[in-house]
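Next come the chains, spelled out residue by residue.
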Amino acid sequence: MKIAVLSGKGGTGKTLVAVNLAAVAGQALYLDCDVEEPNGHLFFKPTDVKVKDTVIKIPSVDDGLCTGCRICVDFCQFNALAYIIDHLQIFDQICHSCGGCALLCPEKAIVEKNKIIGHIEAGISGKVSVRSGFLNTGEASGVPIIRDLLDSVDLDQQKLVFIDCPPGSACIVMESIRDVDYCLLVAEPTIFGVHNLNLVYNLVKLFNKPFGVILNKCLAGEENPAEKFCLEKKIPILGRIAFDAELGTINSDADIAARVSKKYQEQFTSLLTKVLMEAENEAVISS
Amino acid sequence: MKQLLVLSGKGGTGKTTVASAFIRLSEARAFADCDVDAPNLHLVMEQRAKAEKSDYYGLPKAELNPELCTQCSLCIEHCRFDALISGREFKIDPYACEGCGVCEAICPVKAISLKPAVAGELILYRNGGKVFSTAQLKMGSGTTGMLVSEVKKQMKEAAGDTSFAIIDGSPGIGCPVIASLSGVDLVLIVTEPSVSGISDMERIIQTAANFHTSIAVCTNKHDTNLANSIRIEDYCRQNDLFFAGQIPFDPLAVKAVNCGKTIVDLDCPSGRAVKGIYNKVMALLLADEGGAA
Amino acid sequence: MKIALPVDEKNIDTTVCPSFGRAPYFLIYDTESNDYLFYDNQAASSQGGAGIKAAQSLLDNQVSFLLTPRCGENAAQVLNTGGVKLYKTISESAMENINAFNDGKLLLLNEIHPGFHRRGGAGSI
Numbered sequence: 000m001k002i003a004v005l006s007g008k009g010g011t012g013k014t015l016v017a018v019n020l021a022a023v024a025g026q027a028l029y030l031d032c033d034v035e036e037p038n039g040h041l042f043f044k045p046t047d048v049k050v051k052d053t054v055i056k057i058p059s060v061d062d063g064l065c066t067g068c069r070i071c072v073d074f075c076q077f078n079a080l081a082y083i084i085d086h087l088q089i090f091d092q093i094c095h096s097c098g099g100c101a102l103l104c105p106e107k108a109i110v111e112k113n114k115i116i117g118h119i120e121a122g123i124s125g126k127v128s129v130r131s132g133f134l135n136t137g138e139a140s141g142v143p144i145i146r147d148l149l150d151s152v153d154l155d156q157q158k159l160v161f162i163d164c165p166p167g168s169a170c171i172v173m174e175s176i177r178d179v180d181y182c183l184l185v186a187e188p189t190i191f192g193v194h195n196l197n198l199v200y201n202l203v204k205l206f207n208k209p210f211g212v213i214l215n216k217c218l219a220g221e222e223n224p225a226e227k228f229c230l231e232k233k234i235p236i237l238g239r240i241a242f243d244a245e246l247g248t249i250n251s252d253a254d255i256a257a258r259v260s261k262k263y264q265e266q267f268t269s270l271l272t273k274v275l276m277e278a279e280n281e282a283v284i285s286s
Numbered sequence: 000m001k002q003l004l005v006l007s008g009k010g011g012t013g014k015t016t017v018a019s020a021f022i023r024l025s026e027a028r029a030f031a032d033c034d035v036d037a038p039n040l041h042l043v044m045e046q047r048a049k050a051e052k053s054d055y056y057g058l059p060k061a062e063l064n065p066e067l068c069t070q071c072s073l074c075i076e077h078c079r080f081d082a083l084i085s086g087r088e089f090k091i092d093p094y095a096c097e098g099c100g101v102c103e104a105i106c107p108v109k110a111i112s113l114k115p116a117v118a119g120e121l122i123l124y125r126n127g128g129k130v131f132s133t134a135q136l137k138m139g140s141g142t143t144g145m146l147v148s149e150v151k152k153q154m155k156e157a158a159g160d161t162s163f164a165i166i167d168g169s170p171g172i173g174c175p176v177i178a179s180l181s182g183v184d185l186v187l188i189v190t191e192p193s194v195s196g197i198s199d200m201e202r203i204i205q206t207a208a209n210f211h212t213s214i215a216v217c218t219n220k221h222d223t224n225l226a227n228s229i230r231i232e233d234y235c236r237q238n239d240l241f242f243a244g245q246i247p248f249d250p251l252a253v254k255a256v257n258c259g260k261t262i263v264d265l266d267c268p269s270g271r272a273v274k275g276i277y278n279k280v281m282a283l284l285l286a287d288e289g290g291a292a
Numbered sequence: 000m001k002i003a004l005p006v007d008e009k010n011i012d013t014t015v016c017p018s019f020g021r022a023p024y025f026l027i028y029d030t031e032s033n034d035y036l037f038y039d040n041q042a043a044s045s046q047g048g049a050g051i052k053a054a055q056s057l058l059d060n061q062v063s064f065l066l067t068p069r070c071g072e073n074a075a076q077v078l079n080t081g082g083v084k085l086y087k088t089i090s091e092s093a094m095e096n097i098n099a100f101n102d103g104k105l106l107l108l109n110e111i112h113p114g115f116h117r118r119g120g121a122g123s124i
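Protein chains in written order, with numbering that gives the first Met the number 0: chain A, 0 to 286; chain B, 0 to 292; chain C, 0 to 124.
Calculated directly from the structure, the hints in this document are not laboratory data.
Straight line, CA to CA, 16 Å or less: simulated EDC-like cross-link-like pairs of lysine to aspartate or glutamate: (1) B/LYS254 / A/GLU222; (2) A/LYS44 / A/ASP254; (3) B/LYS137 / B/ASP92; (4) A/LYS233 / A/GLU277; (5) B/LYS152 / C/ASP7; (6) A/LYS1 / A/GLU281; (7) B/LYS109 / B/GLU66; (8) B/LYS254 / A/GLU221; (9) B/LYS279 / B/ASP184.
Chain C regions said to be covered by chain A (calculated; three or more residues, Cβ under 8 Å): (10) 36-47; (11) 77-83.
As the structure is a computational prediction, the values presented were derived from the model and not from experiment. Quick reminder that beta carbons are idealized off the backbone N, C-alpha and C, glycines included.
All chains should be built: construct the whole structure from the sequences, respecting the hints.
See the structure below:
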């Protein structure tokens, strides 16, 4: 069972939920796909960490073979190539690694070399396998790292996988949820939160993924615009996490609430049961 | 026109809450929301002006004509983005397609061509001499950086004679953030006193530092973890970054925002605190030669 | 000698465009014959690498000098490698800058800004 945890808006509690559900699940795999700002490893503090670089292919030219025909320069949609006097100049950071220039060069003067854009780390924390992706600062896109992360283990062989997604609904989020069985949306009770929840709600519907919501930072007696949204759209609400200064402090110290507090261990265990029941139901319905 | 950009690294620390307060206090005549993936600023800016919208064309996308296609699969073999899907009829996944043109170039029967594709919408609000520029990226689109640049360009072109502009940025460190940093005079980083927040703050500072802009930092919800708040101040001191102040956790802030107001539209602790930060940051922004970092 | 300026309009009274890579047009002025022409900047609508494409077009037009308010590092790299010298404009009027250049009053453009896609120039952290 592969479960993605996403929210649209940052700071609603994706990592809080993904990390704590993985922690109470017994054997589980936690994947941190928020490769621009990964946080899960700060909570799990995994040991036995193995690192693997993520590379993309960047063209490089053999000046001896290049005739200056400029087929590559004219082809490149991203303007990553310039022909200056008698030499082809390649701009690595602009290149999207499509391989077109190397493919089309009539003299076979262009070959591709590897460029490191980030890395993935795999380690253990108790019974949880923790894998995180890290994008190097200055690089534009983390999609290849997410791909590497998702390919680094046979996900179908895993009993339970939690995928901690990036905020937003752009291509990096789509890449993260591509193969999941169920999407857990975490919402906070602000109009910002609802606005962004609406974006990911549309995204998961577009991808035909079954989904449910967890309401976080709930304030007793206060109107909750996220709850209102869920009721209007008939989205199943799988749980409510109350706003709690104690939880906030535990979280801000990067401790896993379910591991340091019996109260939260119980709360997240019961939440996990609900989530798995719902996810398994949906899997039956859609098969 | 000097530009102040509000960033955070980590999402949910209060970029929009702080940016909107600054816009209200300064009565800014030019401001923009560069979080084109999930824009929020318009929710607290009480926009009564009519929105001027225009289509934003991102990268062209490949389109396949099944009638010409012979299913030779050369396109599938060479597509680096898994955008070609085989089947009874070959199809292109518009969300995966990066518009590189390899399939168009390699197809022996010219069944594929690149066509312009709408990737989002640019939005401009004009209200009595004030301009507010924003955009909404179409879901799943990848060309965020270019749209962010368009939002800034739209703001600059529509803005009259004004000495400064305030820009609400997006979370993360990738393409949209890098695009928003270009041409900016001062970056205000809004962080929170959590281990995640500090880790993300360090990465965004690294990203911003490469653009040689001045950097200021402020801590939101500082009293949720006093020890970490001190760590942030120490970090700023050690790295020669201007620490502009801190804002307490304030339930009234949430109430204000949920009513579509900024935290300086009512009397509340976070509003009072942000005023102090505002005074220091604006002085830095408007000083000659960008002020001292 | 050919000099180029990024401009807003296709007439000789035009203002200089604040952006190089995405200027709508380029003005090429021959300082010996005083002939001039305008051409559309194909790079203006590019998704990325606009500066590179614009710089390439200048090289293809045998330009020796570029007068511009600013220039990105990727474009500057193309121009420097191609032997084009960059000068900083001093006013908004294209003609004023051309005259100032001819009178030797313009200074070399030294501040090159980082590209939109990557970390900034020399001395990055």
